[in-house]
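All chains, full assembly: derive it from the sequences and hints.
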Amino acid sequence: MLNTRLAPHETLDLHELLAAKTLSISKSAAMTSFVNDPELKSIMQAEMQTCSKHAQDIQSLLNQAI
Amino acid sequence: MEQYVRTSLSDQTICGDLLTSAKMAVKSYATALTEATTPQVRDLLRRQLDDAISSQEKIFRFMEKKGWYKPFDINAQIQMDIQSSQKAINEVRAYMQ
Chain A
777 MLNTRLAPHE TLDLHELLAA KTLSISKSAA MTSFVNDPEL KSIMQAEMQT
827 CSKHAQDIQS LLNQAI
Chain B
2 MEQYVRTSLS DQTICGDLLT SAKMAVKSYA TALTEATTPQ VRDLLRRQLD
52 DAISSQEKIF RFMEKKGWYK PFDINAQIQM DIQSSQKAIN EVRAYMQ
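First to last, the protein sequences are chains A and B. Going by my numbering, the first residue of the first sequence is number 777, and it counts up by one from there. Going by my numbering, the first residue of the second sequence is number 2, and it counts up by one from there.
Do not rely on the hints blindly, as some may be mistaken.
[Stated by the list, open to error] Per label pair, the in silico range of CB-to-CB distance: (1) A:Leu799 to B:Ser85: 39 to 47 Å; (2) A:Asp813 to B:Lys71: 14 to 22 Å; (3) A:Ser828 to B:Arg94: 35 to 43 Å; (4) A:Ser818 to B:Met25: 20 to 28 Å; (5) B:Tyr96 to A:Asn839: 39 to 47 Å; (6) B:Gln78 to A:Pro784: 41 to 49 Å; (7) B:Ala95 to A:Pro814: 46 to 54 Å; (8) A:Asn839 to B:Gln78: 17 to 25 Å.
[As the list claims (entries may be wrong)] Chain A is nowhere near these chain B residues, computed Cβ spacing over 12 Å in every case: (9) Ile15; (10) Ser22; (11) Ile60; (12) Lys71; (13) Pro72; (14) Ile75; (15) Gln78; (16) Asn91; (17) Ala95.
Don't read these hints as lab results, they were simulated from the structure. We put the CB at the ideal spot given by N, CA and C, even for glycine.
Here it is in structure tokens:
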């Protein structure tokens with residue numbers, strides 16, 4: 777891991793983005809069970825994968841800040 | 002004791018929620034990006050902003066295809082908005098009784 781310090785406001789912005797991501801992953805996971813349309817279901821599954829990848833990348837940047 | 006319990010959400014409601022989040026995500030990334038200094042942070046925000054834009058379009062196109070959005074017929078759109086808004090209000094009223 778690169779040892780880069782983040783500016784305080786960057787840390788806060790990343791914190792906000794990560795919190796929003798986490799919420800949307802949890803919400804999508806719960807809501808897919810209500811979905812009838814198979815296309816919508818597959819869109820949501822793809823979204824959850826992208827969001828998880830994003831969340832992990834944000835986590836690793838934030839790990840440098842603490 | 003709960004008198005009225007909502008046990009499901011329509012595909013349209015779920016999609017509307019996804020679209021709202023997707024729009025919000027694009028704006029949050031853009032704002033964070035214009036304030037970022039660290040190159041690594043800028044790179045990450047730029048990549049994720051790009052994904053957020055694609056994701057918003059994907060959800061919107063799906064809704065447009067389903068007829069849940071009528072970008073070229075404002076009258077039909079407003080009518081639909083009023084109907085679904087009223088439906089939601091009525092559900093709340095039923096719950097409050």
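Query raised in the report: Which of the listed hints are broken here?
Result: Those not satisfied are hints 1, 7, 8, 9, 10 and 11.
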